[in-house]
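Novice: One letter stands for each residue in the lines below.
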Amino acid sequence: MFFAAPALPLDEAGKYVAGAYVVFLALILIYVAIMAAKLVRIDRELTELAEEDDR
Amino acid sequence: MYSKGLAPLAAATAVVLTAALVLVFFYAPLDADQGFVQKIFYIHVPMAIVALCGWVAGGIFAIRHLRSGDASWDLRSYVAIHLSIILGLGVLITGSIWARASWGHWWVWDEPVLVSFLVTFLLYCVYYPLRFAIEDPERQARYSSVFAIAAGAFVPLNFTAVRLAQAYTHPRVLSETGGTMPGEMRLTFYVTLIGMVLLFVTLWKLELTAKHASMQLKRLRRQRAERREAVAA
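Chains as they are written, first to last, in our numbering: chain A, 125 to 179; chain B, 259 to 491.
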């Protein structure tokens with residue numbers, strides 16, 4: 125059982141709000157970083173393939 | 259193939275999400291009951307809506323895959339489900355933070371909305387082991403599509419069941435009749451929702467592009483190896 129609590133003061137509420145937005149940002153950044161690493165690997169392999177063809 | 263329009267889409271996503279953040283922190287009024295903590299609503303609810311829609315979209319793409327036999331629809335379905343799981347994780351974490359700030363608990367087991375979302379999230383976590391336990395690509399795509407359709411049908415059913423149990427759920431802030439949100443809050447919410455939809459579509463296209471490039475590279479390597487073998491013979 126839980127009850128509606130009174131609104132938290134701004135200094136205390138701020139850390140929860142910041143936490144939620146940081147979680148969202150971190151998820152997106154980690155995802156984009158993983159995708160970037162994948163794209164870099166594809167680019168490197170393509171370059172290797174092209175170099176092998178040139179030889 | 260999948261990268262068409264990706265750059266303007268990414269730019270639009272950045273603009274709308276920036277505008278949404280400005281609206282959230284400088285335009286939307288403070289909630290009379292919850293105060294500043296209610297700002298979590300603007301990130302938590304759009305993420306949940308987009309995650310649920312992404313799972314349903316995954317099911318629709320899976321239907322197209324089974325009907326056409328075209329593997330690209332399976333790829334679309336996989337990426338939509340994968341992205342929705344990431345957003346789903348965000349929903350659970352931000353929901354937990356909101357619950358802690360509002361109710362003093364990180365998780366409340368007798369709250370149907372929270373628990374039903376967790377059940378849906380865990381259901382989709384099964385998708386990965388199911389998909390990657392099958393080596394044959396054709397069987398993998400077919401079995402994954404069947405799962406995506408069944409689970410995709412579960413999402414709206416689950417949502418409807420929770421809505422029908424209104425008496426036991428937390429107050430609705432959005433409804434067909436307008437809900438209880440004032441105009442500024444509603445505008446901010448809709449802009450955030452549009453930003454989240456754009457973000458989902460951008461990341462979906464980005465991952466599809468990367469996966470397609472990776473598949474093309476593998477195909478090129480295979481063709482080269484076959485040519486070499488033919489020359490050697």
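Don't take every hint at face value.
[Said to hold, decoys possible] A short list of chain A residues far from chain B (calculated; beta carbon distances all over 10 Å):
| id | residue |
| --- | --- |
| 1 | A157 |
| 2 | E175 |
| 3 | D178 |
| 4 | R179 |
[What the hints assert, rightly or not] Straight line, CA to CA, 30 Å or less: simulated BS3-like cross-link-like pairs of lysine-lysine:
| id | chain 1 | residue 1 | chain 2 | residue 2 |
| --- | --- | --- | --- | --- |
| 5 | A | K162 | B | K469 |
| 6 | A | K139 | B | K463 |
| 7 | B | K262 | A | K139 |
| 8 | B | K463 | A | K162 |
Everything labelled a hint here was simulated from the structure, so no lab data went into it.
These numbers were taken from a predicted model, which means no experiment stands behind them.
Where a beta carbon is used, it is the ideal one built from N, C-alpha and C, also for glycine.
Novice: What are the numbers of the hints the structure violates, in ascending order?
Specialist: 6, 7
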